[in-house]
Amino acid sequence: MQQEKYAQIEKELSPKPPIMKNVIKAFLIGGSICLIGQFIALFYITYFDFTERTASNPTVATMIFIAMLLTGFGLYKKIAQFGGAGAAVPITGFGNAVVSASIEHKSEGYVLGVGGNMFKLAGSVILFGVFSAFVVALIKTILVKFGVVSW
Amino acid sequence: MVKRGVLTFHSKPSIYATGVTAGPLENKKSVFAQQFDKSYEDERCDLPTNEDGHKQLMYDAVLIALSKAKKQPEKIDFLLTGDLVNQMTPSNFTAHALAIPYIGLFSACATSVSSMITAALLADAKHANWIVAGSSSQHNAIERQFRYPVEYGSQKGATAQWTVTAAGAALIGQHTQGTPVIDCATVGKVVDMGMTDPLNMGSAMAPAASDTLMNHLTGHGKTVDDYDTIITGDLGSNGFKIFKALANENGLPHTKNFRDAGEEFYGNDPSFKAGASGSGCSAAVFFSDVYQKLLTGEYKRVLLLATGALLSPLSFQQGDTIPCIAHAIELTMEEVTAP
Amino acid sequence: MISIYITSFIVGGLICVIGQLLMDVAKLTPAHTLCSLVVVGSVLDGIGWYEPFIDFAGAGATIPITSFGNALTHGAMAEAERHGLVGVVTGMFEVTSSGISAAIIFGLIGALLFTSKGNI
Amino acid sequence: MKKLSIILLILGLLTGCSEKGTYIKNTTPYDEHSVENVLMSNEHVKLAKVLLYEDELLAGIRVNTFSRFKKKAIANKIQKKLEREYPDLKVTVSADSKILLETEKLINKKSEKNYRKKIDKIKSIEKEQT
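Protein chains in written order, with our numbering: chain U, 1 to 151; chain E, 1 to 339; chain F, 1 to 120; chain Y, 1 to 130.
There could be a bad hint or two in this list.
Here are the simulated lysine-lysine pairs, DSS-like style, with alpha carbons at most 25 angstroms apart [stated by the list, open to error]: (1) U/Lys21 x E/Lys189; (2) E/Lys189 x U/Lys11; (3) U/Lys16 x E/Lys156; (4) E/Lys156 x F/Lys27; (5) E/Lys156 x F/Lys117; (6) E/Lys241 x F/Lys117; (7) E/Lys12 x E/Lys300; (8) U/Lys11 x E/Lys28; (9) U/Lys78 x F/Lys27; (10) E/Lys241 x U/Lys11; (11) F/Lys117 x U/Lys120; (12) U/Lys11 x F/Lys117; (13) U/Lys5 x E/Lys241; (14) F/Lys27 x U/Lys145; (15) F/Lys117 x E/Lys28; (16) E/Lys156 x U/Lys120; (17) E/Lys156 x U/Lys11; (18) U/Lys5 x E/Lys244; (19) E/Lys241 x U/Lys21; (20) U/Lys5 x E/Lys189; (21) E/Lys241 x U/Lys16; (22) U/Lys16 x F/Lys117; (23) U/Lys78 x E/Lys28.
By construction, these hints were calculated from the structure, which means they are not laboratory data.
Chain U on its own, in the form it takes in the complex (with noise of 0.2 angstroms):
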């Protein structure tokens, strides 16, 4: 049989993604998650000397806090089972992969294991942001060298 023409048959077979439901519950997940960080992000502003855009630093370690004692309980993954990118994209996903990484390469020691592999699933998201970032910064300098726009 042909590539082509099985591969017809399989997609004619196998189930669709449901989109809709999906965006749905991601959107509800994901809303709840920022929602949280919001009430924490208050909290940090209320009690503590932190204005609305400093409250963002201590609300980030604060829920990837929480998202090593979710993950820790085996509870992330089914969170992110039903929520998707609802619980991928907010910055618990970004400590979910780290702190999932470090518990599984715990059994090849704290260097080699836990060290090596910490930001094995994590890592391309720094990179990315990283280059980005440079690359952003690096035309707005130039463009603000040149006067074409202002900082």
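With chain U held as given, fit chains E, F and Y onto it using these hints.
Same frame as chain U, but now just chains E, F and Y:
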């Protein structure tokens, strides 16, 4: 005339005994749980790492099969096992612990059948009296090997399968009356239909199963109706559906005696998506449910058709397709002739 | 006061919806999806849209991974404004160190405390 | 949807009804009417808490939901206007809810001691923003 890949074992080697071990989740959720010989409270069998637990599963399965036949490891001529971890270390360590001459076999999830075929060849050629064949998988160890860390949250689609924590071993020897015997087998070719999704193994493996089934039927001059059941290894609900559609396309209209171990393993529980997978899945079902039904006479003749996806994490990350294989082996339960 | 909660819920949810569509419709892997979103966040900050967006949605804009790209770019640009081209490299982690340092610390603590469970 | 509405209901109960208007506490001889005029004339401002103390004018404002996109520009505009109205005062205007919150705390305080220290602190965390 020798037909490529088609084997007939004239001496009809026997399967004397089988041993199946399974993890705690399988014990709780599998419909075959009652038929497993041993299950563990802990997914790592109370050992420090997943891979250690994996070794223990295989080791215990072999010992259970031997103890049922009252054999000691020293009496066994060959150990033929395999699994999915890097370089098959769980099998290698098991072989060391048992100190049986050993050949590690890798046919991914088809190892249960490929090891039985090799064992039958050794027995048929009178190179060995007793051979143990088997395969195993451990969920955490295999998920980490092929996909993501166990605790990583990624949404699995409806075609994803759950790697089982289970091991199955069979003790194979010279022909004896009153035991299921190995009649013939077909070694499959690698079939690659260009599938690339590692979370949809069923559709990648279905064409290989269909190819080997057709080769077996034509090579041995059989029809589907000659078998009480034709049971595939771990196609899962999606792959099994496609496999049946391919069979219809190949002129096999009756597929009601088809079974799939992967689809049945967790009793169609939707939280396991398309069902079970892993080299322990086919071994556990073949050596528990199917073997016992042969012993009780419910099945007279069965075709075990184990499928394997021969990918590695490296190959699919490099954008390669998923090559797949299927091996078939035919077991019969002979009527015991009165002395 | 209440409106910031509604906007953070809706905006955060919508960013996740974009991620879900990238995964389900564009068939990207989770890693590719997150990388794309980070790059988008970085570019949006480059044209100066992300900061007003945070003012509007609060945590709805700072919790999704897009804000990581934004924070990196923001740090790089702020330093570039002061020190010129060299600042592009040196200022990168000025704003965003908390996410990465928290991930490293809690990653190690998580490894100390937990082992993986093959539950469902 | 049911869950969402419950969440919103709880939120509503927690935060109470949004307050509106301009609250001014003046401990200086300066006239606070032009502060009120400047703030009320700006359509984006929903709530403002203003404190005049010695040579300081501290204003925390909250803008309408969809004006939040440009809330920094709004605060800057008001600040410029107030600086023109009160050339002798050090004017601080911020749309950050932390400033609003702290200004409100000061306004509600009975005694005026520690005002100087608190105001300096508010001004310093306001500067941290970027």
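Q. For this structure, which hints from the list above don't hold up?
A. Structure breaks hints 1, 6, 8, 12, 14, 22.
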